[in-house]
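With the sequences and hints as input, model every part of the structure.
Protein chains: 2
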Amino acid sequence: MGTVRRRILECRPGRVDEKEIQVVRETPLTVRLNSRELVTLLCDGENFRELALGFLYNEGLLERETALGRVAVNEKTGEADVEAKVDERLLTAIHGKRLVTTGCGKGSVFYHVLDSVKAGRVQIAGDLRLPLSFLIEQGRVLAGRSETHRQTRGTHGAALLDRAGVVCFREDIGRHNALDKLAGWLLTERRDPAELALYTTGRVTSEVVLKAARLGTPIIASRAMPTELALQLAEQIGLTVVCALRGSSCLVVLGPERIDLEG
Amino acid sequence: MGTVRRRILECRPGRVDEKEIQVVRETPLTVRLNSRELVTLLCDGENFRELALGFLYNEGLLERETALGRVAVNEKTGEADVEAKVDERLLTAIHGKRLVTTGCGKGSVFYHVLDSVKAGRVQIAGDLRLPLSFLIEQGRVLAGRSETHRQTRGTHGAALLDRAGVVCFREDIGRHNALDKLAGWLLTERRDPAELALYTTGRVTSEVVLKAARLGTPIIASRAMPTELALQLAEQIGLTVVCALRGSSCLVVLGPERIDLEG
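Protein chains in written order, with the working numbering: chain A, 1 to 263; chain B, 264 to 526.
Hints may contain errors.
What the hints assert, rightly or not - Restraint-style ranges between C-beta atoms, simulated for each label pair:
hint : chain 1 : residue 1 : chain 2 : residue 2 : range
1    : A       : E75       : B       : R275      : 41 to 47 Å
2    : A       : E10       : B       : T355      : 44 to 50 Å
3    : B       : E498      : A       : R36       : 33 to 39 Å
4    : B       : D280      : A       : E189      : 36 to 42 Å
5    : A       : R163      : B       : V279      : 17 to 23 Å
6    : B       : D455      : A       : E10       : 27 to 33 Å
7    : A       : R150      : B       : D280      : 28 to 34 Å
8    : A       : K85       : B       : E300      : 26 to 32 Å
9    : A       : E65       : B       : K348      : 48 to 54 Å
10   : A       : E147      : B       : P276      : 23 to 29 Å
What the hints contain is simulated information worked out from the structure, not anything from laboratory work.
For every residue, glycine included, the Cβ atom is placed at its ideal position computed from N, Cα and C.
Rendered as C-alpha cells:
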C-alpha cells in the first residue's frame, strides 16, 4: 500500500523537532457496472478489482451466482469497469436510493438489505464454533499485522478467519472498503462463508452487520465496540458478535453459543 | 445522547465474567429539502436540526446567506424537513452525483466542492494564530470531554475552538456527522469561522479537509492522522493541519505559521 513521506514538526511543550512521518495514500476509484457510473470510492489504491466487485456484491448488485463478464481495472486513472448479467430494474431502483451511513471507508448500504433483515429473510446458518483462546490469539496476531497501519495510523484492517487462522487480510483507509475487499475476495475464492469468522478493526455499526449478513459469516469479531442498532440487527439474524478483541481479552456481546468459552 | 445497557460476557483466557456495558444508540435521520428526500443519515439521535442543516450546508446546498424557511424536525420518526430558497438546478445536479467517501458517519461529499478546491477558488483566509501550549491543553480537555465516548467507545467528537477554548462541542457515531453538526451550529450562530479552529477525533481524510474548507476555519487539529490526499488539498487551500493531538504533544503537519511554537 502506498505511503508518502512528509516532513513535519513534532511538538511538545517547550520542544519542537523536525521529523519525517509516513502518510497513507488516498485515491479515488470510480466503479461502473455495465457502463453505468455508480460511485466513486475513496480508497488506498490497492486491490481495486476486489474492492469494486465486493462493493457491488455488498450493495446487492452482484450475487455469488452472477455471471461476470469483463472486469477491467485501470490503476492509473482509478477506474473499474465491471460487466455482469444483472437485473437492470434492480440497478435502477438501487441506484436511486441513497443511504449515507456511519462508515469509515464508504457509506452506502442499501435499504433492501435492511428490508430483508427486517423481514426475517436473512438468517445466519452454520455450526462454526471457535475456542475463546483462539479468537483472543488471532486478535493479537491481527493487531500486529499491518505495517502500513503501524507507520501511518491511517488504515483499518479486516480479515476472514477459519479454524486454523487468518485466510485473508485486507486493509484500506476506511473500514468499509476493507470489508468490501474481503467480499470481493470471497466472490472469487468461493470459500464457504459459514465456515469463516469476520474480523474488523472498526466499530460494529448497523451497516457493518449488514455486510456480515451479506457475507454469510456466522461470527463477527471487532477490535472496537458496537452500536445498539447493530446489535438489534445481529440478534435478529443470529449473528455472534465479539467486541473489544484486543489481544488479551474480549467481550462476547451476542451469541456465546458459537464461542467455546472453555477452549 | 442515548446509550443502552447490554449484558455481555467479558472474557479473558481462563476467566469469563458476566458484565453490563453501555452501547451507543444508532438511529436514522431522513433529510428532505423542499420536500425532496435527499439522504438517510445514520446518527446518534441528537441535534437533528444542526445535523440536517450542517449536512445540507456541507453538501453545498445551503449557503450562509440562504434564506431558511420552516425547519421541521420529528425526533420520533427521525425526519428533518428543511425549506429554503435554493437553486433547484444545483439540487438536481448534486442529487445525481454520488461520491462515497472514507467517512465514519457519512460519506457523500460532492465533487463541486472538490472542483472548487482544484480550481483554486477556495482559499483559507484569517490571521488566526494559536499558541502550541494552548492547542495541546485543549487536546487534553477535549479527550476527556465526552462521557458517552468514555462509556461506549462508540462515538467521535468534534469541536470549534476560539482563542479562549471550546465554543461548541458535538459528537456522533460518525466523525462526519459531528462535523456536520458543527456546521449547522455555525449557520445559526453566525460566528466568524476565520477566528475559529476545528478539532476532530477522527482521521483527516480528503472530505474532512473539504468540510473544513466549507466551514472556513484556518486550522484543523485532529487526535488522529491524515491521508496524503487530504494534505494535498489542505496545502492547496492554505489550511493549517495539526495531527496526533493527544493532550501531551502533537504533529504540526502543514502551515506552522499559524501556530506560535514558543507559546
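Hint check:
no., hint, verdict
1, A:E75 to B:R275: 41 to 47 Å, "44 Å, holds"
2, A:E10 to B:T355: 44 to 50 Å, "48 Å, holds"
3, B:E498 to A:R36: 33 to 39 Å, "35 Å, holds"
4, B:D280 to A:E189: 36 to 42 Å, "38 Å, holds"
5, A:R163 to B:V279: 17 to 23 Å, "21 Å, holds"
6, B:D455 to A:E10: 27 to 33 Å, "31 Å, holds"
7, A:R150 to B:D280: 28 to 34 Å, "32 Å, holds"
8, A:K85 to B:E300: 26 to 32 Å, "31 Å, holds"
9, A:E65 to B:K348: 48 to 54 Å, "50 Å, holds"
10, A:E147 to B:P276: 23 to 29 Å, "27 Å, holds"
Comparing the model with each earlier hint shows no violations; every hint is respected.
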